[in-house]
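Given the structure of chain A, go ahead and fit chain B onto it with the hints provided.
This is what each chain is made of:
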Amino acid sequence: MNQLLTDTLHTAPIMGTIVLALVVILINAMKKDSLALEYWVSLIGIAANIGLAVWAFPLRGSAFAGTVMTGGFASLTAAVFLVAAGLTIILSRAYIEKIGVNFGEFFHLILMGAAGMMTFAAGTDLVVTFVGLELMSICLYALAGISRRVHKSNEAALKYFLLGAFASGFFLYGIALIYGMTGTTNILGIAQNIAAYKSEPLFLVGAGLLLVGFAFKIGAVPFHMWVPDVYEGSPTVVSAFMSTGAKAAAFAALLLVFTATFDFIHSSMNTVLSVLAVASMLVGNIVAISQTNVKRMLAYSSIGHAGYMLIGITAGGDVSMAGVLFYLISYMFTNLGAFGVASIIENAEQQGTDLENFRGLYYRRPLLAVLMGVFMFSLVGIPPLAGFFGKYYIFVAAIENGYTWLTIVGVITSMISVYYYLRVVVLMFFQAPEEAEAPQVTSGGTIALLVSAFGILLVGLFPSIVLGWMGGLF
Amino acid sequence: MIPVHYYLILSAVMFITGVVGVLTRRNAIIIFMCIELMLNSVNLTFVAFSSYLGNEAGQMFVFFVMAVAAAEAAVGLAIVIALFRNKQTVNINEVNILKW
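Chains as they are written, first to last, in our numbering: chain A, 474 to 947; chain B, 273 to 372.
Keep in mind that the hints were calculated from the coordinates and are not lab data.
Heads up, a few of these hints could be off.
Here are the simulated lysine-lysine pairs, DSS-like style, with alpha carbons at most 30 Å apart [stated by the list, open to error]:
1) Lys571(A) to Lys505(A)
2) Lys625(A) to Lys571(A)
3) Lys359(B) to Lys371(B)
4) Lys671(A) to Lys571(A)
5) Lys371(B) to Lys625(A)
6) Lys371(B) to Lys571(A)
7) Lys571(A) to Lys359(B)
8) Lys359(B) to Lys671(A)
What follows is a set of in silico ranges between Cβ atoms, one per label pair, in the way DEER data are often shown [said to hold, decoys possible]:
9) Leu931(A) to Gly293(B): 45 to 55 Å
10) His277(B) to Ile667(A): 17 to 27 Å
11) Val285(B) to Lys671(A): 23 to 33 Å
Since the model is a prediction, treat every value here as computed from it, not as a measurement.
Built from N, CA and C at the ideal position, the CB exists for glycine as well.
Bound-form chain A, shown alone:
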């Protein structure tokens, strides 16, 4: 009994978020027109849970018979997902009223999704990893299709659901084969006897299938086909949450499952990972050039960014692991901001996120245009913004570990990406405004965007503080 209490306490951020999500859905069930109440309860609850994550940070260890990680890595990633969920909720309050989907379950699904992400990234047993993955994914399927009278939202949800469930099948089959070979689903248990199974064909097939499942979730080429369709069709705030939270969770779990335990990653899996990285960087950044819709362009750019983070995972070692985590934090702020601006520009019919709609934005909404400029420059990776240091740490670690050619591909594709990111900036600042109404900006939306921009600057100006949190995590 005492043990159960301790374990629950040490996994407090996850538990607290689940309780919060349940409280929010209960408020919705019991009270009419409770959107404002749910909104404030969610935000206060998220702040409290971030506090719990900070409190649990030093409690490094494991809970529930070695199935869930506590403190350290788990706390840090939990805080990242909670910040992403909080900013998404602030952005979505005005947005869901605008597009007419102000159902109470919206906040519930975001909170439950965040709980799933935390579980996914903290699971040290493949059962927990799988349950977390599905908790996150099922919430996101529902969120993608929440605008149920809009065709493209239906389509995005259907595609996301079918391909996501398909990927889960591969993920599970991989786990089943690994279990069959090692007799355990605990990744620390697998790691202990890794030398004995390293060259077993069935074990390698299992690890490969597991990697396919992860590659689907992070949207790496050639498993990226769903990404542009889903990010474009889903309500924009949901795309923001997916592209930051879900991607960060999949990367964190990939780090935990593959690098912490499967030490053979530095031999047989490396070629596969570097091919995925190169293909993602090339396809993502080159196809993004031809996009005219900003949401779709950001989707392709997110495929490219998955490629950069895969460089870090390929290179391995403590420095590049910290680099990947750093990249995830900077990418979280940047992409939430960029999608947030798109959600404000968008009209009530969920149209109007084309490049044309950004033309002359500076003359209509100067603050919005300046913020979008900051997000675009951070995505390019221009110092002193956070995006620069993310790329810097990953590239440095890759060169140190002998992956200079991957770095060269990374730098070349970054140069390509300058074109389509700065095209948005040029359109906003140097083109005459079109004859259109200025988009409605709410105070909540402005606050969320300012927080994102502030986060980018803070992480970019003081990268050593953020890196300090990651000291000794791996």
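The following block gives chain B in isolation, referenced to the frame of chain A:
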């Protein structure tokens, strides 16, 4: 007693049938059924290994897979119904507004 690799071959055949079905069929419901077939072949693999290794972890995993599959079915069928109400079709070739 039937050797374990019989079960493994059967489940691999089931899994591949599911994958081929997902890739070739055009009806969203049938695709979904093929995904369920994949998940059930995984369950068979788990149970076979569990009995072979004399280790109950695999059987426990099967319960989680079944519960998750049920939750997924609930959300997935709701999505298919929402699509059908708008388009009167579940043929995924006709679900094509989003493309480059």
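The hints, checked one at a time:
With a C-alpha separation of about 19 Å, the suggested pair lysine 571(A) and lysine 505(A) falls inside the 30 Å cut-off, and the hint holds. Between lysine 625(A) and lysine 571(A) the alpha-carbon distance is near 17 Å, which keeps this suggested pair within the 30 Å criterion. Proposed proximity of lysine 359(B) and lysine 371(B) is supported: the alpha carbons are some 17 Å apart, at most 30 Å. Taking the CA atoms of lysine 671(A) and lysine 571(A), the gap is about 54 Å. The hint is violated against a cut of 30 Å.
For the proposed pair lysine 371(B) and lysine 625(A), the alpha carbon gap of about 11 Å is at most 30 Å, so the pair holds. Note on lysine 371(B) and lysine 571(A): the hinted pairing holds, with a Cα-Cα distance of about 25 Å set against a maximum of 30 Å. At most 30 Å may separate the alpha-carbon atoms for a hinted pair to count; lysine 571(A) and lysine 359(B) meet this at roughly 24 Å. For the hint linking lysine 359(B) to lysine 671(A), the alpha-carbon distance of about 50 Å lies beyond 30 Å, and the restraint is violated.
For the pair leucine 931(A) and glycine 293(B), the beta carbons lie near 50 Å from each other, so the given range of 45 to 55 Å is met. A C-beta distance of roughly 24 Å is found between histidine 277(B) and isoleucine 667(A), which places it inside the suggested range of 17 to 27 Å. Look at valine 285(B) against lysine 671(A): about 28 Å separates their beta carbons, and that is inside 23 to 33 Å.
Consistency note: the structure conflicts with the earlier hints numbered 4 and 8.
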